[in-house]
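Peer 1: Sequence:
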Amino acid sequence: GVVQFLDKLDNSAFTDDDVKVLEKFANMMGRFFQITKNRERLGEEFDRIKQKYLQKYTIVGESAIIRKCIAQAEKVADSKASILLSGESGTGKELFANLIHEHSRRQNKAFISVSCGALPSSILERELFGHEKGSFTGADSRKIGLFEAANGGTLFLDEIGEMPLDMQVKLLRVLQEEAFLRIGGTSLIRVDVRIISATNQDLEKMVHEGKFRQDLYYRINVINLKLPALRERAEDISDLVTFFLKKHKQENQPIKKLAKGVMTHLAGYSWPGNIRQLENAVERAIVLDEGEDLTAQAFPFTDYQPPIEVNVGATLKEANDSFRRTFIKNTLKSTGENRTQAAKILDVQRSYLSRLI
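FYI, in the working numbering the residues of the sequence shown are 1 to 357.
Some clues are possibly wrong.
[What the hints assert, rightly or not] Restricting the straight-line Cα-Cα distance to at most 27 angstroms, the calculated cross-link-like pairs of lysine-lysine (DSSO-like) are: (1) K143 to K133; (2) K109 to K75; (3) K344 to K226; (4) K205 to K226; (5) K249 to K260.
Derived from the structure by calculation, the hints contain no laboratory data.
Using the sequences and the hints given, assemble the complete structure.
Peer 2: Structure representation (structure tokens):
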């Protein structure tokens, strides 16, 4: 910018000393304006990040069942007890884990999430506990693990039912002792971490089958919150659709609306993939439908599915295979033949889904 000084009060010429003082003043003003501009830019960036955060972690719905779940989550937030969130895939377990964190005394510390089913045992161990330099091939430097990073805060263990048994032993030891060793380390590291776990499986049944450690189950299941499937809170679908229409609006485009009768169409669908499937369906409709209003054709998978017919003389295995094929086919149709998304909804590996097909 430019600062212009026109006249001195006594109408005399500017001296060299005057010029030096004015130059310093101009530089100070320049820095001031730059700081002000940066503050405005940082404020806008903060608002953008905050809005993105709120969109990611907002729990939408006014049904009695979801309000009860929210009240329970807020009630137990300040407890030090471990919490297990259970419910079908796509019901919003990470949202509730974050809600608990934000209403606890740990809210100003880290909230870290890790999927226990997405990583092999050896890699999961490195992620959770970190490692020392040279502790294995490729360990070129020390790395802190998620337990250290979450110290003072909350660690969310998603899909804990998928955790291998050998890792369950190591996790249990940390929860009991509140301390651990990095891989290759010799110094005990003490941590204060709130554990929130989540599963879409029946862990009690897995305990009886020997697939999940009983002592770990009791350790993580001090408080259990069961989240409802979307079909159990169908009255929230309207609010959820409205929220997703705003969240996924196209840049420089108005927020799309639903054509008459479409909301009833959506509310009548069972949504096997729950909220995650609904959000993906709305986003897909916004991107692919070129009309101003979204019609029922933008959600083709919600069409009525006729009952699965099986010959009365079929064996139980044949009936089960028939149902499984039809169920997978319908799920694939609901995702636009996206096998990765269908695998997430069905809670199976993509490679396993491909074998089933």
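Peer 1: Now look at each hint and say whether the structure bears it out.
Peer 2: How the hints compare with the structure:
Restraint check: the Cα-Cα separation between K143 and K133 comes to about 8 angstroms, which is no more than 27 angstroms; the hinted pair holds. A distance of roughly 19 angstroms separates the Cα atoms of K109 and K75; the hinted pair therefore holds under the 27 angstroms criterion. The hinted pair formed by K344 and K226 meets the criterion: a straight-line CA distance of about 20 angstroms does not exceed 27 angstroms. Of the supplied pair hints, the one linking K205 and K226 holds, its CA atoms being roughly 16 angstroms apart against a limit of 27 angstroms.
Pair hint K249 plus K260 holds up; C-alpha atoms about 19 angstroms apart against a cutoff of 27 angstroms.
Checked against the numbered hints given earlier, this structure breaks none of them.
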